[in-house]
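Visitor: Letter by letter, the chains look like this.
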Amino acid sequence: MSSATPIAPTPVAAVVRQGPSARRRLGLLGWNAAGIAVFVVMVFPVYWMVSTAFKTGPNIFSYSPKWLPVPATLANFGDAIHRQYFWQNVRNSLIVVGVVVVLSLTLAFLAALALAKFKFYGRRAFIVLIIAVQMVPLNALIIPLYITLSRAHQVNKLSGVIITYMTFVLPFTIWTLRGFILGVPRELEEAAMVDGTTRFGAFVRVLLPLVAPGLVATSIFAFIQAWNEYIMAYVLLSSPEKQTLTVWLASFTTNRGTAWGPLMAGATLTALPVVGFFLLVQRRIAFGLTAGAVRG
Amino acid sequence: MAEIQFVHVSKVYGGDVTAVRDLNLQIAEGEFVVLVGPSGCGKTTALRMLAGLEEITAGEIRIADRVVNDLPPRERDIAMVFQNYALYPHKSVYENLAFGLRMRKVPRDEQRRRVEEIARVLGLGDMLNRRPAQLSGGQRQRVAMGRAIVREPKAFLMDEPLSNLDAKLRVQMRAEIARIQQALKVTTVYVTHDQVEAMTMGDRVAVMRDGELQQVDTPQRLYDAPANLFVASFVGSPPMNLFEASVRRDNGRLLCKVGDSEFELPADLEAGRPALGAYVGRSLAIGIRPEDVREASGWDGARLRGRILLVESLGSEQLVHIEFAAAPLERSDLVDTAAQPPGPSLGVGELEQAVTLLGRFDRHLLLTPGEAVEVAIDPRLLHFFDLETGLAIPSAVDTPVPAGVAG
Numbered sequence: 001m002s003s004a005t006p007i008a009p010t011p012v013a014a015v016v017r018q019g020p021s022a023r024r025r026l027g028l029l030g031w032n033a034a035g036i037a038v039f040v041v042m043v044f045p046v047y048w049m050v051s052t053a054f055k056t057g058p059n060i061f062s063y064s065p066k067w068l069p070v071p072a073t074l075a076n077f078g079d080a081i082h083r084q085y086f087w088q089n090v091r092n093s094l095i096v097v098g099v100v101v102v103l104s105l106t107l108a109f110l111a112a113l114a115l116a117k118f119k120f121y122g123r124r125a126f127i128v129l130i131i132a133v134q135m136v137p138l139n140a141l142i143i144p145l146y147i148t149l150s151r152a153h154q155v156n157k158l159s160g161v162i163i164t165y166m167t168f169v170l171p172f173t174i175w176t177l178r179g180f181i182l183g184v185p186r187e188l189e190e191a192a193m194v195d196g197t198t199r200f201g202a203f204v205r206v207l208l209p210l211v212a213p214g215l216v217a218t219s220i221f222a223f224i225q226a227w228n229e230y231i232m233a234y235v236l237l238s239s240p241e242k243q244t245l246t247v248w249l250a251s252f253t254t255n256r257g258t259a260w261g262p263l264m265a266g267a268t269l270t271a272l273p274v275v276g277f278f279l280l281v282q283r284r285i286a287f288g289l290t291a292g293a294v295r296g
Numbered sequence: 001m002a003e004i005q006f007v008h009v010s011k012v013y014g015g016d017v018t019a020v021r022d023l024n025l026q027i028a029e030g031e032f033v034v035l036v037g038p039s040g041c042g043k044t045t046a047l048r049m050l051a052g053l054e055e056i057t058a059g060e061i062r063i064a065d066r067v068v069n070d071l072p073p074r075e076r077d078i079a080m081v082f083q084n085y086a087l088y089p090h091k092s093v094y095e096n097l098a099f100g101l102r103m104r105k106v107p108r109d110e111q112r113r114r115v116e117e118i119a120r121v122l123g124l125g126d127m128l129n130r131r132p133a134q135l136s137g138g139q140r141q142r143v144a145m146g147r148a149i150v151r152e153p154k155a156f157l158m159d160e161p162l163s164n165l166d167a168k169l170r171v172q173m174r175a176e177i178a179r180i181q182q183a184l185k186v187t188t189v190y191v192t193h194d195q196v197e198a199m200t201m202g203d204r205v206a207v208m209r210d211g212e213l214q215q216v217d218t219p220q221r222l223y224d225a226p227a228n229l230f231v232a233s234f235v236g237s238p239p240m241n242l243f244e245a246s247v248r249r250d251n252g253r254l255l256c257k258v259g260d261s262e263f264e265l266p267a268d269l270e271a272g273r274p275a276l277g278a279y280v281g282r283s284l285a286i287g288i289r290p291e292d293v294r295e296a297s298g299w300d301g302a303r304l305r306g307r308i309l310l311v312e313s314l315g316s317e318q319l320v321h322i323e324f325a326a327a328p329l330e331r332s333d334l335v336d337t338a339a340q341p342p343g344p345s346l347g348v349g350e351l352e353q354a355v356t357l358l359g360r361f362d363r364h365l366l367l368t369p370g371e372a373v374e375v376a377i378d379p380r381l382l383h384f385f386d387l388e389t390g391l392a393i394p395s396a397v398d399t400p401v402p403a404g405v406a407g
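In the order they appear, the protein sequences are chains A and B. So for the first sequence, this note's numbering puts the first residue at 1; every next one is plus one. So for the second sequence, this note's numbering puts the first residue at 1; every next one is plus one.
Since the hints were derived computationally from the structure, they do not count as laboratory data. These figures come from a predicted structure and were not determined experimentally. Careful, some of the hints might be misleading.
As the list claims (entries may be wrong) - When the alpha-carbon atoms are kept at most 30 Å apart in a straight line, the in silico DSSO-like pairs for lysine-lysine are as follows: (1) A/LYS117 to B/LYS91; (2) B/LYS154 to A/LYS117; (3) B/LYS168 to B/LYS105; (4) B/LYS105 to B/LYS91; (5) B/LYS185 to B/LYS257; (6) A/LYS117 to B/LYS105; (7) B/LYS91 to B/LYS168; (8) B/LYS154 to B/LYS185; (9) A/LYS66 to A/LYS157.
Stated by the list, open to error - Taking beta-carbon pairs under 8 Å as the criterion, some of the chain B residues facing chain A (in silico): (10) LEU71; (11) PRO72; (12) PRO73; (13) ILE78; (14) ALA79; (15) ALA86; (16) TYR88; (17) HIS90; (18) PHE99; (19) MET103; (20) ALA167; (21) LYS168; (22) LEU169.
The beta carbon of each residue, even a glycine, is placed where N, CA and C say it ideally should be.
So here's chain A without its partners, still in its complex pose:
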């Protein structure tokens, strides 16, 4: 995806590089230190989770913190995997996430298309509504949602969870995709239509490939939201075989205490798909794919 533009290279300044001044260097140092601090704060919990997952029992509870999991053990992972309902809950999580990602992207692409390309009565109100809906805190919706879903016999069913997730994933994905679609010049579709496609054909053949980075970005969002969600799943799914992974993780905390080793191992395993998915698609977030379409 490296597109070297064959325009004249920027002339290299003929000035002798003197290096940054002392003052600038100090400022740079400050920024770097701040950057590292942020990095440490963000990474440490993840590190602690992973390292705990590999620690043996005594090391987990040791008063002097053990930074490295020596001796390392895989026993915690074994415990986690062999715990009841693990594979079943993995399957549930995958179903929920898969359906939410595919459904939300399809619906959001079509909705964003309508919002970006067509004029219709109430469009502005609809756009405002999409933003307004996102302002409502999810926790305030738990009880009303539960009652509504229970009347529709959707409690303790994956479909109910999927519908619930769609309510907060869709507004965001529609909003984001609309922005991406607006970024594609109208003339591209018009050119395609003059070239012989139908209106919908122009969307699929020209617009869709060009908003691919947007689809990837929003799919990451939808994936993370659906995979990591806990509260709604916990409230809606009561029977253990119907639960998702995040709810399953909570089962490590019991009245008699928390099984930290297996919990951390389970959490590490739960985090893996998200990281994997991101690594898989992040290469495709190639922004500026529309370069060269129009004058430049």
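Model the placement of chain B on the given structure of chain A, informed by the hints.
Guide: Quick look at chain B alone, frame taken from chain A:
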């Protein structure tokens, strides 16, 4: 190849904004017609209606005698070149060129043959695998042209295709497009706001203003016999000099007064322009092309006296701004460039109003700003316009063709 007809075509946006008003225009098979006018005159809207990208509010558009009002763009068999080229950025040059053929289910071998031929003709042979982002502006322009040509459509529609190129490339591509069009003999509708492009490229030029067609004619006739003040001020660079004048009769002679100078309009001029007699005792607008304004020495004709404001040397000639006393023409239908700037007054300040007369003089004349100068004008080269309607006062020999032609 096909004939194109606009029949009483109008476009109204949102019920109250009229973009195109009752457009009647007939474009013959293989003809190159340029729609020209200032921005917002409706020329692009007219083109987009023809392409099927804009709905037609009223009237009919026909391509090859088929009413296309309700046909989607893909069924009109036209090709369009967009102002910003609109190349598909995710496709290579080859795919860009072949896209239209693929959509029309042209066999693969045929696609390849045609794309490669066009690429060769346009000098894009080495670039078929590149993406548009890797091309220069001129090359992109060529790909956009190629994408239109390769389809062998009934008509080319071009929406300011050269406006994003630098001046030198524009002149080059201008000639290239005209050459291609002549070679292919495909009916072409070309939209531009640049009257030089319009004049140099079109078989006929249609001048539009505020959604209304002003005049359609060959470039030369547009220049020689503009139908109204707007066309007179729009066509030609530098623009025509326009002043308010009055006509009176004295002993059977017709006299024209501009500011404080008065000159005779010869009898043959009046004979050729019988309507002029009706303006005796009234005001009218007169116009003279800059190249018809001459430094007085050695020339006959009406004399105007003024002072040189500015001399612009163009190498081959010089453009001389001469200030003289006369009433400037203040009308909304004049193009900005023709409007008289108030300018600093040099010498004629005691007079109430001064206008600038633009003359195209021989480069060997020695002229300095501030100098008094006398210019000669051949009254037979003057253009006369009605002040109220803005319409040209027609001459008996070459009556300007009225705008509408189609039924």
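Visitor: Determine for every hint whether it applies to the structure shown.
Guide: Hint check:
no. : hint                 : verdict
1   : A/LYS117 to B/LYS91  : holds (23 Å)
2   : B/LYS154 to A/LYS117 : holds (29 Å)
3   : B/LYS168 to B/LYS105 : violated (39 Å)
4   : B/LYS105 to B/LYS91  : holds (18 Å)
5   : B/LYS185 to B/LYS257 : violated (49 Å)
6   : A/LYS117 to B/LYS105 : holds (28 Å)
7   : B/LYS91 to B/LYS168  : holds (29 Å)
8   : B/LYS154 to B/LYS185 : holds (10 Å)
9   : A/LYS66 to A/LYS157  : violated (42 Å)
10  : LEU71                : violated (12 Å)
11  : PRO72                : holds (7 Å)
12  : PRO73                : holds (4 Å)
13  : ILE78                : holds (7 Å)
14  : ALA79                : holds (6 Å)
15  : ALA86                : holds (4 Å)
16  : TYR88                : holds (6 Å)
17  : HIS90                : holds (5 Å)
18  : PHE99                : holds (5 Å)
19  : MET103               : holds (3 Å)
20  : ALA167               : violated (15 Å)
21  : LYS168               : violated (16 Å)
22  : LEU169               : violated (12 Å)
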